[in-house]
Amino acid sequence: MTGPKNLESRTKHIRETWAKRCNKVLYMSSVKTDFPTVELNVSEGRDNLYWKTIRAFQYIHRHHLDEADWFLKADDDTFVVVDNLRYVLSRYDPEKPWYVGRRFTPFVSQGYMSGGAGYVLSKEALRRFIKGFDTGQCTHFSTIEDMALGKCMETMKVKLADSRDVKGRQTFHPYPPRYYLIRQQPRPRPWYLIYEHYEPIEGPGCCSDFVVSFHYIYGVQLYALEYLTYHLRPYGYKHRFNPDEETELNKEALVGV
Amino acid sequence: MLSEGGSFMKGMVMGGLFCLVLSFLGSFSPSLESSTDDHHHHHHVKAQSNDELTHFSDSQMQQLISEVRVSCIIMVQPKILVYWATAVDTWSKHCDKAVFYTSESSKALEAVDLNEKDEWARLRKALKHAYENAGDLRWFFVAQPTTFAIIENLKYLVLTKDASQPFYLGNVMKSGELEYVAYDGGIVLSYEALKRLVHVFQDEAKCPERGRALWKLSEEKQIAVCLKYTGVFAENGEDVHGKGVFNSKSVDSLITDSMKDNPTNVVEGCCSDMAVTFNGMSPNQMQVMMFGVYRLRPYGHDFHDSLTFYPPEGSDND
Numbered sequence: 001m002t003g004p005k006n007l008e009s010r011t012k013h014i015r016e017t018w019a020k021r022c023n024k025v026l027y028m029s030s031v032k033t034d035f036p037t038v039e040l041n042v043s044e045g046r047d048n049l050y051w052k053t054i055r056a057f058q059y060i061h062r063h064h065l066d067e068a069d070w071f072l073k074a075d076d077d078t079f080v081v082v083d084n085l086r087y088v089l090s091r092y093d094p095e096k097p098w099y100v101g102r103r104f105t106p107f108v109s110q111g112y113m114s115g116g117a118g119y120v121l122s123k124e125a126l127r128r129f130i131k132g133f134d135t136g137q138c139t140h141f142s143t144i145e146d147m148a149l150g151k152c153m154e155t156m157k158v159k160l161a162d163s164r165d166v167k168g169r170q171t172f173h174p175y176p177p178r179y180y181l182i183r184q185q186p187r188p189r190p191w192y193l194i195y196e197h198y199e200p201i202e203g204p205g206c207c208s209d210f211v212v213s214f215h216y217i218y219g220v221q222l223y224a225l226e227y228l229t230y231h232l233r234p235y236g237y238k239h240r241f242n243p244d245e246e247t248e249l250n251k252e253a254l255v256g257v
Numbered sequence: 001m002l003s004e005g006g007s008f009m010k011g012m013v014m015g016g017l018f019c020l021v022l023s024f025l026g027s028f029s030p031s032l033e034s035s036t037d038d039h040h041h042h043h044h045v046k047a048q049s050n051d052e053l054t055h056f057s058d059s060q061m062q063q064l065i066s067e068v069r070v071s072c073i074i075m076v077q078p079k080i081l082v083y084w085a086t087a088v089d090t091w092s093k094h095c096d097k098a099v100f101y102t103s104e105s106s107k108a109l110e111a112v113d114l115n116e117k118d119e120w121a122r123l124r125k126a127l128k129h130a131y132e133n134a135g136d137l138r139w140f141f142v143a144q145p146t147t148f149a150i151i152e153n154l155k156y157l158v159l160t161k162d163a164s165q166p167f168y169l170g171n172v173m174k175s176g177e178l179e180y181v182a183y184d185g186g187i188v189l190s191y192e193a194l195k196r197l198v199h200v201f202q203d204e205a206k207c208p209e210r211g212r213a214l215w216k217l218s219e220e221k222q223i224a225v226c227l228k229y230t231g232v233f234a235e236n237g238e239d240v241h242g243k244g245v246f247n248s249k250s251v252d253s254l255i256t257d258s259m260k261d262n263p264t265n266v267v268e269g270c271c272s273d274m275a276v277t278f279n280g281m282s283p284n285q286m287q288v289m290m291f292g293v294y295r296l297r298p299y300g301h302d303f304h305d306s307l308t309f310y311p312p313e314g315s316d317n318d
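From first to last, the protein sequence lines are chains Z and B. Numbering-wise, the first sequence is residues 1 to 257 according to full-length UniProt numbering. Numbering-wise, the second sequence is residues 1 to 318 according to full-length UniProt numbering.
Bear in mind the hints are in silico, worked out from the structure with no lab data behind them. Among the hints, a few may not be true.
Result set (BS3-like, lysine-lysine): computed pairs, CA atoms no more than 27 Å apart in a straight line [claimed, not checked]:
1. K260/B / K12/Z
2. K93/B / K167/Z
3. K238/Z / K93/B
4. K238/Z / K79/B
5. K46/B / K161/B
6. K128/B / K117/B
7. K123/Z / K20/Z
8. K46/B / K243/B
9. K243/B / K238/Z
10. K107/B / K93/B
Since this is a predicted model, take the numbers as computed values, not measurements.
Let's have the full structure, built from the sequences with the hints guiding it.
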């Protein structure tokens, strides 16, 4: 999701990095350009974000439904490791109604997925989202995109997946790495962890090796994360976390709720 | 008239000879200690490629791995306590041995207290101590805790190099005629280089401990000058592609440079995949770096490296 103001400063760098690993990428905006961007009939700005999202999904449903099994919504300041996203999604059937991301608790009974961290709809979930608006079961009742979409998911009986790895560590992150990884003394939840559905872990145990996303990542940090993920490595290092190696623990996989 | 001309001529000849002698002395460089092996006429050291490593047998590889153990010499001070603590909790855990040398002791953290205010004198003491307590370790990495290091990549760089030959490696800088390794990118010394350095410390004429008369050289340059007397020269550490692996800048700083210099190829044009050091990161950034280096990776990418380095015991952030 982007806009004319950010194409040069943000979206261009996404196009140079992780967007290339998607099977298909669409840049949603209010204006059509040769970037290329898709023109949606909306205005820019945070208050219009949910309208933009609704129009974006309607556009995709109309023109691109059969080109993918899973549909990721991300912002122009999100860093995504597409290989790790595929790994998380491989546990789920895209013909079932699944909604995958960083689970938040309040406002919606079953919870909803953080918009900033990016979330993914299965093909069936996308069909149900569109149907919800076609039949009036879902409406634009709020400008808070992630929460409102979560409400529609609940109404249309789409289930929330658990995106954590087999050790219970998070993969989708609504903030940059430093918010989670720095060691802390045991303390009550800081403001940015208040909405968490799963009990948050602070420090090195927070985050999966196979991270899917970080948010509020711009320019330099985007390339730096790309370098750390895909290039810089310790030669010969035997990683501690090897989920494919057969162990008792690894045989239990976490599936849905 | 003739006699005046004669003295004039004598004066000219003497003056001319004197100038010749002076310029000869000025360009005089200490002679190389003769050794049977090469004199390091090239000034860079490249890692071997993965292909080259496949030519070694399993037992040869085991031998190389057992010999490439690294002793880290980390120079700290209480005034940078947070960096000190961060080095203890992060990259230094990957050294086979890590000894912290301090200017004065701290109740919070363990170190060898050299009780020495002068930075050069302190470094000399630390190097001497490390040499005398080397045990069977043959590679030495000297750094401050404001530097972040990836020891596995240091081992990869020197894997097939012979530590009984003098190696003095890092991010090589030039000051006039002197080539030296930048302290902030980390300094690597083979056992032979450290041995020669510790021995030339005893020569007050070549390598004085204190009061270096005219100008006080920084420790990094002092090391280079002293080593030069023993026939050891600074060499730039590079990967198979010729990219420097020792960095005096942070990842963010190098990426920023690359965004200016290679806007269409930022990451490939930036830093080595096998980088050994970075400098200028905050303690918090180093904690994130541990995750970025040792854990964060894309599922399904396997590298088939020719050898294995195991994670250190009792550590939870790598």
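Quick rundown of the hints versus the structure:
1. K260/B / K12/Z: 14 Å, holds
2. K93/B / K167/Z: 24 Å, holds
3. K238/Z / K93/B: Holds, at roughly 15 Å.
4. K238/Z / K79/B: 36 Å, violated
5. K46/B / K161/B: 10 Å, holds
6. K128/B / K117/B: Since the Cα atoms of K128/B and K117/B sit roughly 17 Å apart, the hinted pair holds (cutoff 27 Å).
7. K123/Z / K20/Z: 21 Å, holds
8. K46/B / K243/B: 9 Å, holds
9. K243/B / K238/Z: Roughly 25 Å separates the two Cα atoms, so the pair holds.
10. K107/B / K93/B: The hint holds at about 21 Å.
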